[in-house]
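Number of protein chains: 2
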Amino acid sequence: MKPILAELLTIGDEILYGQIVDTNSQWMSVELGKIGIKVIRKTSVGDVETEILTAFAEAEKRADVILITGGLGPTNDDLTKPLLAKYFNCEMKMHAEALEEVTAFFKKRGREITEINKLQALLPVCCTKISNAIGTAPGMWFDRGEKVFVSMPGVPYEMKKMMSDHIIPKIKEKFITPTIVHNVIRTVGIGESILADKISDWENSLPTHIKLAYLPSIGEVKLRLTGTGSDENKLQTEIKLLTEKLLPLAGEYVYGYGEEPLQSAVGKMLTERNLTLSIAESCTGGYLSHLVTSVPGSSHYFLGSMIPYDYQIKMRQLGVKPEVLEKNGAVSEPTIIEMANIVRAKFNTDIGVATSGIAGPGGATPEKPVGLVWIAYSDKHHTVTKKLQLSTDRLLNIKAASVAVLNLIRLSLPAR
Amino acid sequence: MKPILAELLTIGDEILYGQIVDTNSQWMSVELGKIGIKVIRKTSVGDVETEILTAFAEAEKRADVILITGGLGPTNDDLTKPLLAKYFNCEMKMHAEALEEVTAFFKKRGREITEINKLQALLPVCCTKISNAIGTAPGMWFDRGEKVFVSMPGVPYEMKKMMSDHIIPKIKEKFITPTIVHNVIRTVGIGESILADKISDWENSLPTHIKLAYLPSIGEVKLRLTGTGSDENKLQTEIKLLTEKLLPLAGEYVYGYGEEPLQSAVGKMLTERNLTLSIAESCTGGYLSHLVTSVPGSSHYFLGSMIPYDYQIKMRQLGVKPEVLEKNGAVSEPTIIEMANIVRAKFNTDIGVATSGIAGPGGATPEKPVGLVWIAYSDKHHTVTKKLQLSTDRLLNIKAASVAVLNLIRLSLPAR
Chain L
26 MKPILAELLT IGDEILYGQI VDTNSQWMSV ELGKIGIKVI RKTSVGDVET
76 EILTAFAEAE KRADVILITG GLGPTNDDLT KPLLAKYFNC EMKMHAEALE
126 EVTAFFKKRG REITEINKLQ ALLPVCCTKI SNAIGTAPGM WFDRGEKVFV
176 SMPGVPYEMK KMMSDHIIPK IKEKFITPTI VHNVIRTVGI GESILADKIS
226 DWENSLPTHI KLAYLPSIGE VKLRLTGTGS DENKLQTEIK LLTEKLLPLA
276 GEYVYGYGEE PLQSAVGKML TERNLTLSIA ESCTGGYLSH LVTSVPGSSH
326 YFLGSMIPYD YQIKMRQLGV KPEVLEKNGA VSEPTIIEMA NIVRAKFNTD
376 IGVATSGIAG PGGATPEKPV GLVWIAYSDK HHTVTKKLQL STDRLLNIKA
426 ASVAVLNLIR LSLPAR
Chain Y
26 MKPILAELLT IGDEILYGQI VDTNSQWMSV ELGKIGIKVI RKTSVGDVET
76 EILTAFAEAE KRADVILITG GLGPTNDDLT KPLLAKYFNC EMKMHAEALE
126 EVTAFFKKRG REITEINKLQ ALLPVCCTKI SNAIGTAPGM WFDRGEKVFV
176 SMPGVPYEMK KMMSDHIIPK IKEKFITPTI VHNVIRTVGI GESILADKIS
226 DWENSLPTHI KLAYLPSIGE VKLRLTGTGS DENKLQTEIK LLTEKLLPLA
276 GEYVYGYGEE PLQSAVGKML TERNLTLSIA ESCTGGYLSH LVTSVPGSSH
326 YFLGSMIPYD YQIKMRQLGV KPEVLEKNGA VSEPTIIEMA NIVRAKFNTD
376 IGVATSGIAG PGGATPEKPV GLVWIAYSDK HHTVTKKLQL STDRLLNIKA
426 ASVAVLNLIR LSLPAR
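Heads up: the sequence lines are chains L and Y, in that order. Just so you know, we're using the working numbering here: the first sequence kicks off at 26 and counts up by one. Just so you know, we're using the working numbering here: the second sequence kicks off at 26 and counts up by one.
These aren't lab readings, by the way, just hints derived from the structure by calculation. Even glycine gets a Cβ: it sits at the ideal position worked out from N, Cα and C. Any given hint could be a false lead.
Stated by the list, open to error - Reference listing, derived: stretches of chain L covered by chain Y, where coverage requires no fewer than 3 residues with Cβ under 8 angstroms from a Cβ of chain Y: (1) 38 to 50; (2) 60 to 73; (3) 94 to 104; (4) 328 to 337; (5) 385 to 397; (6) 415 to 428.
Claimed, not checked - Only pairs whose alpha carbons sit at most 30 angstroms apart, straight line, appear in this in silico DSSO-like list of lysine-lysine: (7) Y:154 - Y:132; (8) Y:412 - L:132; (9) Y:86 - L:63.
The shape of chain L in the complex, shown without the other chains (with noise of 0.2 angstroms):
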């Protein structure tokens, strides 16, 4: 089967000044790689007609699915649209279905439409309009015999979007594209280099026709098998048997499986155990709180939190005790076995958890560096604490311990 090749091209000159870092190429890869389609480029070029007309016919000539973000707003800096009406050969007009769609994601905000937002719906009219169920800018399609150009918004949630519901399946409905199996399996609390260590033997087995990828992430370590073949079946039995030889291996730290974030994990097991959650965090400052209720539906096992930033909060609003946290200072043992426990007495919740640290960059005392953490969970049954010396970037350890906080839940949980 001849492979079918994607050239990304990003639009802008955000890009090429060096305002904006592009996230946006590679999540597309990640997700043309899922249906068989190799990215062989990516380009990024300004808001230069001579440049962006160039870099169109380069593409064709090089791959069968160009997709192309960026320049799509309705002001004059924005040259994607007409550039590809001129590439094509095509006029523009007003699109009667677009027009109605941005004038609906208007009047959904309650504001009136300008003679600019108007401008969204021209459109080439050798393209096929696709909508934007969250933005105000259509992507557009254009088919040239065998290969496809697609454009889209370059708001990465608003291509992510597109891409999902519109782009992924049309590609698959034009190109015949090989059969490819993946699974991810999630380990979270382990280094790339350990597990890669722990898990050599089985590595060094995998067919050739079965690639392992290490996919690192702040706490997380995802194993991505892509298997590639004609037989879906075959695939996806060889990989199951390989993913369950590698569970030994990888024992406790694997926590799930495809797209399912730590905190969906989590709070899978808290709803099928029937448990609440109250946090009471400080050096995260509310990030763990938003990991949490990140997930869909979370209202049903997570009650609240407590945010006691400040000292004094720590004593007045929470409630630890005076004598503990100047015994010991607010970034102890002590002092976040009192958090865990007193949040989940005063919330009535089942489960309590509770972070303090030095986040930095200020804060810092000789016995008490930056990127020191306390974590604690707490139940009626016991108490677990855990010390962490993360890093020197603030951001890096915030969400470190945040996501270090979930695993500890996920470790000290009853069993069903």
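Given chain L, work out where chain Y should sit, using these hints.
Here is chain Y on its own, set in the frame of chain L:
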């Protein structure tokens, strides 16, 4: 003056597969921009000989400075070095000084150098070696007529140190660079197209050597002015005057300049006024507190938060009157006023803010659709509320509502 053009070329399958996000090229763009070099294209190709050689040739046609990262490891899948030797038609030889450096690198870490490591010092004879102070792969500088190719490691901290210490100074030696002056004006609470309408006369009056770009993100639009010329003082003055003319048009939507995010601008306002803040956040679930505490030093003005996610917690822990909740529901103006006033009183802060809404996807009623959010600001002088109708996307609603509260604080604070 002829502009000096640069192309950034990233080599490696890990970029095309989406296994890593390329943050290098954003940093490099910013550094080049500071010395007046314009990046005209970014290209990423995989570990494939023909792709890499083609990319070299294409880049040489377009740009004066070609900066290459990645593909410098000592293993067989790293092709950059042998292909640069091939492209410049020169042989590879062991470079005595480079060998000393890589040997010293291992010795310093108490490790024996292996034969594979020694290959790092094998360099094309036609290049100038660039020392890598914190890694094993040296950089390479190739002059060809008026143009230059530079190859650097892909590891971000190695690349950054090499670029700052060696490459930027060498580029400034070789080229006469223009002067570029940027000013970023940050706005919040107004959409891109409405803002464009408001400032269209001003935008149309810009001289050709000063460009405007709109950079939208959730709840915000940044306006970037970029002036190119030879006289820095003149450009600074021009851009300052243009910014002053813009301000009355963009009015209260402008909150700051440059790299300073909204949460830092609000933090600075609180610090200047010597005011403290507490938060009662329901539908935003911790994200608002996270934004506030992501700012280093926020503990000077932010005392704490309550996240009364559950209905009962709103009454029992926060202390919202049952009759107010029962009569109006949690997502209502009377309740949000109570929440902001109560958290301010309980936490004994100057300012209290609150959020309550339907983040979605569940929880909607005919009168209260997904995306409906009430926010409030309270200080001793007044209480200000705002009703938002956001999207159907949970995470987007959480983030947009949090930004709206920061903006509400900004607009409601007492004058200094």
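Notebook entry, point to check: Which numbered hints does this structure break?
Noted result: Failing hints: none at all.
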